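Enquirer: Could you build all of it, start to finish, from the sequences and the hints given here?
Here's the letter readout for the chains.
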Amino acid sequence: MERFESKHFGMIEFQPETVIQFPAGLPGFEQESRFVALEQPGVKPIVFLHSLSRPDLCFITLPALVVEPDFRLRVPTEDLRTLELAEDRQPQIGAEVACLAVVSVAEGQAPTANLLAPILVNLRTRRALQVIAPESGYSHQHPLPVAL
Amino acid sequence: MLVIRRRAGESILIGEGIEIQVAEISGGRVKLGIVAPAEVTILRKEVKLTREQNLAAARGISLGQLAELAAQVGRGRGA
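Here the protein sequences come in this chain order: X and L.
Per the numbering used here, residue 1 is the first one in the first sequence, and the count goes up by one each step.
Per the numbering used here, residue 1 is the first one in the second sequence, and the count goes up by one each step.
Keep in mind the hints are simulated off the structure, nothing from the lab.
Bear in mind the structure is a predicted one, so any value in this text is a computation, not a measurement.
One or more hints might be untrue.
[As the list claims (entries may be wrong)] Dumping the calculated SDA-like pairs for lysine to any residue here, alpha-carbon to alpha-carbon at most 20 Å:
no.: 1; chain 1: X; residue 1: K7; chain 2: X; residue 2: P76
no.: 2; chain 1: L; residue 1: K45; chain 2: X; residue 2: D56
no.: 3; chain 1: L; residue 1: K31; chain 2: X; residue 2: A133
no.: 4; chain 1: L; residue 1: K31; chain 2: X; residue 2: E135
no.: 5; chain 1: L; residue 1: K48; chain 2: X; residue 2: K7
no.: 6; chain 1: L; residue 1: K31; chain 2: X; residue 2: D79
no.: 7; chain 1: L; residue 1: K45; chain 2: X; residue 2: F14
no.: 8; chain 1: L; residue 1: K45; chain 2: X; residue 2: A24
no.: 9; chain 1: L; residue 1: K48; chain 2: X; residue 2: Q141
no.: 10; chain 1: L; residue 1: K48; chain 2: X; residue 2: E30
no.: 11; chain 1: X; residue 1: K44; chain 2: X; residue 2: F14
no.: 12; chain 1: X; residue 1: K7; chain 2: L; residue 2: K31
no.: 13; chain 1: L; residue 1: K48; chain 2: X; residue 2: G25
no.: 14; chain 1: X; residue 1: K44; chain 2: L; residue 2: R5
no.: 15; chain 1: L; residue 1: K45; chain 2: L; residue 2: G33
no.: 16; chain 1: L; residue 1: K45; chain 2: X; residue 2: H142
no.: 17; chain 1: L; residue 1: K31; chain 2: X; residue 2: E30
no.: 18; chain 1: L; residue 1: K48; chain 2: X; residue 2: F14
no.: 19; chain 1: L; residue 1: K45; chain 2: X; residue 2: P76
no.: 20; chain 1: L; residue 1: K48; chain 2: X; residue 2: G28
no.: 21; chain 1: L; residue 1: K48; chain 2: X; residue 2: S136
no.: 22; chain 1: X; residue 1: K44; chain 2: L; residue 2: I61
no.: 23; chain 1: L; residue 1: K45; chain 2: X; residue 2: K44
no.: 24; chain 1: X; residue 1: K7; chain 2: L; residue 2: G60
no.: 25; chain 1: L; residue 1: K48; chain 2: X; residue 2: D79
no.: 26; chain 1: X; residue 1: K7; chain 2: L; residue 2: A56
no.: 27; chain 1: L; residue 1: K31; chain 2: X; residue 2: K44
no.: 28; chain 1: L; residue 1: K31; chain 2: X; residue 2: F29
no.: 29; chain 1: L; residue 1: K45; chain 2: X; residue 2: G25
no.: 30; chain 1: X; residue 1: K7; chain 2: L; residue 2: K45
no.: 31; chain 1: L; residue 1: K48; chain 2: X; residue 2: Q31
no.: 32; chain 1: X; residue 1: K44; chain 2: L; residue 2: K48
no.: 33; chain 1: X; residue 1: K44; chain 2: L; residue 2: G60
no.: 34; chain 1: L; residue 1: K48; chain 2: X; residue 2: G137
no.: 35; chain 1: X; residue 1: K44; chain 2: L; residue 2: G33
no.: 36; chain 1: L; residue 1: K45; chain 2: X; residue 2: A110
no.: 37; chain 1: L; residue 1: K48; chain 2: X; residue 2: F29
no.: 38; chain 1: L; residue 1: K45; chain 2: X; residue 2: G137
Expert: And the structure:
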């Protein structure tokens, strides 16, 4: 078990094999390559992606299928290769990859999720990449589902 | 917005140091060749949008907003 002091959650403990590796970081955060995914009681299905090098860096994400139940992946071949996935087809969300959308809140506006560039995690190798997929047709500011 | 029609192999020039050549057109896609000074950043627009979105996301969200968010998407999926 490893430990990391988070500014948001205090001391967090995690198994080294659960660490998510972003070989190229994320756009804007190219130096950040190691993250853990955290869930907190009471705020499911939110997944917190916490950096393991910056105590203050934590992304709020939602499973892409929660944001958009009909969400379809359009991962470019070179990204499938980076993720060590089969290159002849799209991966299966939930079985082969986790697919998370980064949530952001602009001042005075409703939160949105970036479905243009979902984060894919290879569930077998824990390798991850923020896949920028303009051909998917989704927005970088996709509205969240409205409460019923 | 300035709109210019170009064929494969033709170029446009921007200012003194930038040339954009249409290298190839096929299947609804255009391959562009770009010559520009080293200090000019060239980015696919969606990369810039995602970078800005990530930077905004990392600025954080208040606990109140978080609870609201969880309630909203939680209810939305019938949980």
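Enquirer: Within a Cα-Cα threshold of 20 Å, do L:K45 and X:A110 meet the stated pairing?
Expert: Not OK: L:K45 and X:A110 at ~23 Å, beyond 20 Å, violated.
Enquirer: Is the Cα-Cα distance between X:K7 and L:G60 20 Å or less?
Expert: holds (12 Å)
Enquirer: Does L:R5 lie within 20 Å of X:K44 when you go C-alpha to C-alpha?
Expert: Violated. X:K44 to L:R5 sits at ~51 Å, over the 20 Å cutoff.
Enquirer: Decide if the proposed pair is consistent with the structure: L:K48 and X:Q31, CA atoms, cutoff 20 Å inclusive.
Expert: holds (17 Å)
Enquirer: Straight-line Cα separation of L:K45 and X:P76 no greater than 20 Å?
Expert: holds (16 Å)
Enquirer: L:K48 and X:G137 were given as a pair; does the straight-line alpha-carbon distance stay at or below 20 Å?
Expert: The hint holds at about 16 Å.
Enquirer: Has the given pair, L:K45 with X:G25, been kept, meaning a C-alpha gap of at most 20 Å?
Expert: Answer holds: L:K45 to X:G25 is near 18 Å, not above 20 Å.
Enquirer: Given the hint that L:K45 pairs with X:H142, does the C-alpha gap stay at or below 20 Å?
Expert: Holds: L:K45 and X:H142 sit about 17 Å apart, inside 20 Å.
Enquirer: Below or equal to 20 Å on CA atoms is what counts here, so check L:K31 against X:K44.
Expert: violated (43 Å)
Enquirer: Within a Cα-Cα threshold of 20 Å, do L:K48 and X:F14 meet the stated pairing?
Expert: With a Cα-Cα distance of about 32 Å, the restraint between L:K48 and X:F14 is violated, given a limit of 20 Å.
Enquirer: Is L:K45 within 20 Å of L:G33, Cα to Cα?
Expert: Since the Cα atoms of L:K45 and L:G33 sit roughly 16 Å apart, the hinted pair holds (cutoff 20 Å).
Enquirer: Keeping to a limit of 20 Å between CA atoms, is the pair of X:K7 and X:P76 held or broken?
Expert: violated (35 Å)
This entry does not satisfy hints 1, 2, 5, 7, 12, 14, 17, 18, 23, 27, 28, 30, 32, 35, 36, going by the numbered hints stated previously.
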